[in-house]
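K.L.:
Chain residues, written in single-letter form:
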Amino acid sequence: MSSVAAQCQRCNSRLEAEDLRCPVCALPTPRPPQAAERERARVIRCDNCGAAIAYSVEAQAPKCAFCASQMHIETQEDPIDQADRFIPFEVGTDQAQEALREFLGKGGFFRPQDLASRAALDSLRAMWWPGWEFDAQVAVTWTADTDAGAQRSNWAPHSGETQLDLHHILVSASRGLTLAETQKLSAHYDTSKAKPQPEGPAGAQVELFDVTRSGARRQILDAVEKTAREHITKADLPGHRHRNLRVAVALSGLGTSHCALPAYVLAYRYGKKLYRVVVHGQDASCVLGEKPISWGKVAVTALAALALLVIVLLALQGS
Amino acid sequence: MNLSCQSCGAQLVVADTLRTTVCPYCAAPSVVQRPPTADRPPPAFALGFTQTPQRARELARENLLRRSFWAPSSVRNASVEELRGIYVPAWLYSALAESDFSASIGENYTETETYTTTENGKTVTKTRQVTKTEWRSLSGHHAEYIPDVLVTASSGLPNAELEHIEPFDLRALRRYDDALVAGWISEEPSLPQQQCQEQARAEVTALLRKRLAAFMPGDSHRNLQYSTRFHQESLAMCLLPVWVMAMRHDPKSPPLRFLVNGQTGKVYGRVPVSWVKVLLAVLLGLLVLGGGYLLATNLGGR
Numbered sequence: 001m002s003s004v005a006a007q008c009q010r011c012n013s014r015l016e017a018e019d020l021r022c023p024v025c026a027l028p029t030p031r032p033p034q035a036a037e038r039e040r041a042r043v044i045r046c047d048n049c050g051a052a053i054a055y056s057v058e059a060q061a062p063k064c065a066f067c068a069s070q071m072h073i074e075t076q077e078d079p080i081d082q083a084d085r086f087i088p089f090e091v092g093t094d095q096a097q098e099a100l101r102e103f104l105g106k107g108g109f110f111r112p113q114d115l116a117s118r119a120a121l122d123s124l125r126a127m128w129w130p131g132w133e134f135d136a137q138v139a140v141t142w143t144a145d146t147d148a149g150a151q152r153s154n155w156a157p158h159s160g161e162t163q164l165d166l167h168h169i170l171v172s173a174s175r176g177l178t179l180a181e182t183q184k185l186s187a188h189y190d191t192s193k194a195k196p197q198p199e200g201p202a203g204a205q206v207e208l209f210d211v212t213r214s215g216a217r218r219q220i221l222d223a224v225e226k227t228a229r230e231h232i233t234k235a236d237l238p239g240h241r242h243r244n245l246r247v248a249v250a251l252s253g254l255g256t257s258h259c260a261l262p263a264y265v266l267a268y269r270y271g272k273k274l275y276r277v278v279v280h281g282q283d284a285s286c287v288l289g290e291k292p293i294s295w296g297k298v299a300v301t302a303l304a305a306l307a308l309l310v311i312v313l314l315a316l317q318g319s
Numbered sequence: 001m002n003l004s005c006q007s008c009g010a011q012l013v014v015a016d017t018l019r020t021t022v023c024p025y026c027a028a029p030s031v032v033q034r035p036p037t038a039d040r041p042p043p044a045f046a047l048g049f050t051q052t053p054q055r056a057r058e059l060a061r062e063n064l065l066r067r068s069f070w071a072p073s074s075v076r077n078a079s080v081e082e083l084r085g086i087y088v089p090a091w092l093y094s095a096l097a098e099s100d101f102s103a104s105i106g107e108n109y110t111e112t113e114t115y116t117t118t119e120n121g122k123t124v125t126k127t128r129q130v131t132k133t134e135w136r137s138l139s140g141h142h143a144e145y146i147p148d149v150l151v152t153a154s155s156g157l158p159n160a161e162l163e164h165i166e167p168f169d170l171r172a173l174r175r176y177d178d179a180l181v182a183g184w185i186s187e188e189p190s191l192p193q194q195q196c197q198e199q200a201r202a203e204v205t206a207l208l209r210k211r212l213a214a215f216m217p218g219d220s221h222r223n224l225q226y227s228t229r230f231h232q233e234s235l236a237m238c239l240l241p242v243w244v245m246a247m248r249h250d251p252k253s254p255p256l257r258f259l260v261n262g263q264t265g266k267v268y269g270r271v272p273v274s275w276v277k278v279l280l281a282v283l284l285g286l287l288v289l290g291g292g293y294l295l296a297t298n299l300g301g302r
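Residue numbers (this note's numbering), protein chains in the order written: chain A, 1 to 319; chain B, 1 to 302.
One or more of the hints may lead you astray.
Unchecked claim - When the alpha-carbon atoms are kept at most 20 Å apart in a straight line, the in silico SDA-like pairs for lysine to any residue are as follows:
1) B:K252 / B:V80
2) B:K210 / A:V247
3) B:K210 / A:L245
4) B:K132 / A:K195
5) B:K252 / B:Q232
6) B:K277 / B:F69
7) A:K226 / A:N154
8) B:K210 / A:G149
9) B:K266 / A:Q151
10) A:K273 / A:I293
11) B:K132 / A:N154
12) B:K210 / A:G105
13) A:K184 / A:K273
14) B:K132 / A:R243
15) B:K266 / B:G156
16) B:K132 / A:N244
17) B:K266 / B:N63
18) B:K210 / A:R246
19) A:K226 / A:N244
20) A:K195 / A:N154
21) B:K266 / B:R55
22) B:K132 / A:A150
23) B:K252 / B:K277
24) A:K226 / B:A143
25) B:K277 / B:S68
26) A:K291 / A:G105
27) A:K297 / A:E90
28) A:K226 / B:K277
29) B:K132 / A:D122
30) A:K184 / A:V265
31) A:K193 / A:G105
32) B:K132 / A:Q151
None of these hints come from the bench; they were simulated from the model. Here the structure is a predicted model, which means the values were calculated and not measured.
Make the full structure from the sequences, and use the hints.
P.N.:
Here it is as structure tokens:
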């Protein structure tokens, strides 16, 4: 895991120790000064055997021709960073099962009546899913066509700029949970309770990040742009309809942390089928999942509606 | 200049424009360190060579043969007379570009139009849908970081030529170290920094035309005008790997210069045009046309 090295001098974004340039604005990071005071010719020597070293194309590194040892040159590292902030579980396994039973009991008209009594818990897994949390200030300039001020055409062009302060925005890096699931879960996390070590029920698993640092930064920048677009659509655009929304973002002060977010993934069996339910690890009232539909009830309702329709038609014809 | 080889003590002769030399007596590769100046700062980054000299040769030859149709036939036998791997100094420029723009935005709409036409000898009135464009003026503001602009700092490799072998893959950027250029030819920057910065701004301005064209709403746009201010500019010296080749095809004419991107293998070189070949082709074309015309008139006349 890398330590936070410094801030970018230009956009105040957080830099990792291995960065050669700022990932947001591309400003080169300062290097330790090593200027020569006077002119001199230097022969680079092998640390191993003392022979003169030259850069080798085959090895793509400086290589000693005698002992074949290579020299390491600082380059842009692209490691896979892992979570350093674990949000603790606040919902126990019993509470999660209780939440499932409540979820099944709440039913809905088209759900089978015996769902709560016949559904059998198949598996229950406590896990932390990976996600990035970022803060950033974004200067957004945009253009779009909206219906405000339209004349002969349905559209009129507009432009504008806005300053956004984004705090604690969560971006999922999970492969196990779907995007829709993580988006709904994200709204209910309290990341201020994060701990440096995992804390939760025994056997809880940590889903690992599997995106490299550069890939992660791309996803975060995409998320920033998406958030900016949503904000502009909601708050800035005049009129009711819009098209061709184009945004340009200039980010500053981007800080990212790698979080592990708690959730229970449960599977229950009803009849012969398995259904999946996700229970929030901090807020047991947040339950997402699938429920079976009672096709018998649907059929009866449809038939009843049809019968009613026929009766009404007949009555109309009779009169 | 009074430099001696660290290996054998012999006097080294180093051209003022070079960072590296090889001792003529003991063949030890040296890297020259000079006190930095504004126009000649120490390099911050370098990209290493990844294309071997054999590969560079092959790539240049393939490129030459593919484009040799209009060239004198002698270029097919061109041989590489000299091949050098050079670390070319370039400025890596980045800035926050803020532009004020104005443009006419075209918004399309459809109108129903009536028109008259003759059908079976009768005049009838019909309607049709026509797409028309309404022009609305729009002005506004655009700001974004422009990250990776490379401009040459060497008078030996003009910027236009560098653009032909760009892009370089900047993900492989390495912090400059003397060991990276040891044993290779490495040039010192020879163009003033001020001139390079203006070149970089010109490149960004040209790039922004495309970015702004894509930024415009509407169905079409025209009269796009913009002025750009550059904030928080940064210039870093970066050494780029370039294979420079001289290919001799005719003892009487000057050799052809070919450049190969030492990282990606992209080739650039000018291939001469044989005017004799072009003239022959034009004559042949005329002959065929004339023959065809004569044939056609003869056949038609019969």
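K.L.:
All hints are to be evaluated individually against the structure, with a verdict given for each.
P.N.:
Here is how each hint holds up against the structure:
Between K252 (chain B) and V80 (chain B) the CA atoms are separated by roughly 16 Å; this keeps the pair inside 20 Å, and the hint holds. For the hint linking K210 (chain B) to V247 (chain A), the alpha-carbon distance of about 15 Å falls within 20 Å, and the restraint holds. Restraint check: the Cα-Cα separation between K210 (chain B) and L245 (chain A) comes to about 17 Å, which is no more than 20 Å; the hinted pair holds. Between K132 (chain B) and K195 (chain A) the alpha-carbon distance is near 62 Å, which puts this suggested pair outside the 20 Å criterion.
With a C-alpha separation of about 52 Å, the suggested pairing of K252 (chain B) with Q232 (chain B) is violated against the 20 Å cut-off. The hinted pair formed by K277 (chain B) and F69 (chain B) meets the criterion: a straight-line CA distance of about 9 Å does not exceed 20 Å. The hinted pair formed by K226 (chain A) and N154 (chain A) fails the criterion: a straight-line CA distance of about 26 Å is larger than 20 Å. Note on K210 (chain B) and G149 (chain A): the hinted pairing is violated, with a Cα-Cα distance of about 28 Å set against a maximum of 20 Å.
Distance hint between K266 (chain B) and Q151 (chain A) is unfulfilled; the C-alpha atoms sit about 51 Å from each other, more than 20 Å. Between the alpha carbons of K273 (chain A) and I293 (chain A) the distance comes to roughly 12 Å, so the proposed pair stays at or under 20 Å and holds. Simply put, K132 (chain B) and N154 (chain A) have alpha-carbon atoms about 12 Å apart, close enough for the 20 Å limit, and the pair holds. Restraint check for K210 (chain B) and G105 (chain A): the C-alpha separation of about 58 Å exceeds 20 Å, so the hint is violated.
The straight-line distance between the Cα atoms of K184 (chain A) and K273 (chain A) is roughly 25 Å, outside the 20 Å bound, and the hint therefore fails. Pair hint K132 (chain B) plus R243 (chain A) holds up; C-alpha atoms about 19 Å apart against a cutoff of 20 Å. With a C-alpha separation of about 19 Å, the suggested pairing of K266 (chain B) with G156 (chain B) holds against the 20 Å cut-off. Of the supplied pair hints, the one linking K132 (chain B) and N244 (chain A) holds, its CA atoms being roughly 19 Å apart against a limit of 20 Å.
The straight-line distance between the Cα atoms of K266 (chain B) and N63 (chain B) is roughly 10 Å, inside the 20 Å bound, and the hint therefore holds. The straight-line distance between the Cα atoms of K210 (chain B) and R246 (chain A) is roughly 14 Å, inside the 20 Å bound, and the hint therefore holds. With a C-alpha separation of about 14 Å, the suggested pair K226 (chain A) and N244 (chain A) falls inside the 20 Å cut-off, and the hint holds. Taking the CA atoms of K195 (chain A) and N154 (chain A), the gap is about 54 Å. The hint is violated against a cut of 20 Å.
Proposed proximity of K266 (chain B) and R55 (chain B) is supported: the alpha carbons are some 11 Å apart, at most 20 Å. Between K132 (chain B) and A150 (chain A), the direct Cα distance comes to roughly 15 Å. Compliance with the 20 Å bound is thereby established for this hinted pair. For the hint linking K252 (chain B) to K277 (chain B), the alpha-carbon distance of about 19 Å falls within 20 Å, and the restraint holds. For the proposed pair K226 (chain A) and A143 (chain B), the alpha carbon gap of about 17 Å is at most 20 Å, so the pair holds.
Using a Cα cut-off of 20 Å, the hinted pair K277 (chain B) and S68 (chain B) holds, with the two alpha carbons roughly 11 Å apart. About 11 Å separates the Cα atoms of K291 (chain A) and G105 (chain A), which keeps this hinted pair within 20 Å; it holds. Between the alpha carbons of K297 (chain A) and E90 (chain A) the distance comes to roughly 38 Å, so the proposed pair goes past 20 Å and is violated. For the hint linking K226 (chain A) to K277 (chain B), the alpha-carbon distance of about 57 Å lies beyond 20 Å, and the restraint is violated.
Proximity of K132 (chain B) to D122 (chain A) is assessed by CA-CA distance (about 63 Å); at most 20 Å being required, the pair is judged violated. Between K184 (chain A) and V265 (chain A) the CA atoms are separated by roughly 14 Å; this keeps the pair inside 20 Å, and the hint holds. In summary, the hint linking K193 (chain A) to G105 (chain A) is not supported, as the alpha carbons are separated by about 32 Å, beyond the 20 Å threshold. Between K132 (chain B) and Q151 (chain A) the alpha-carbon distance is near 13 Å, which keeps this suggested pair within the 20 Å criterion.
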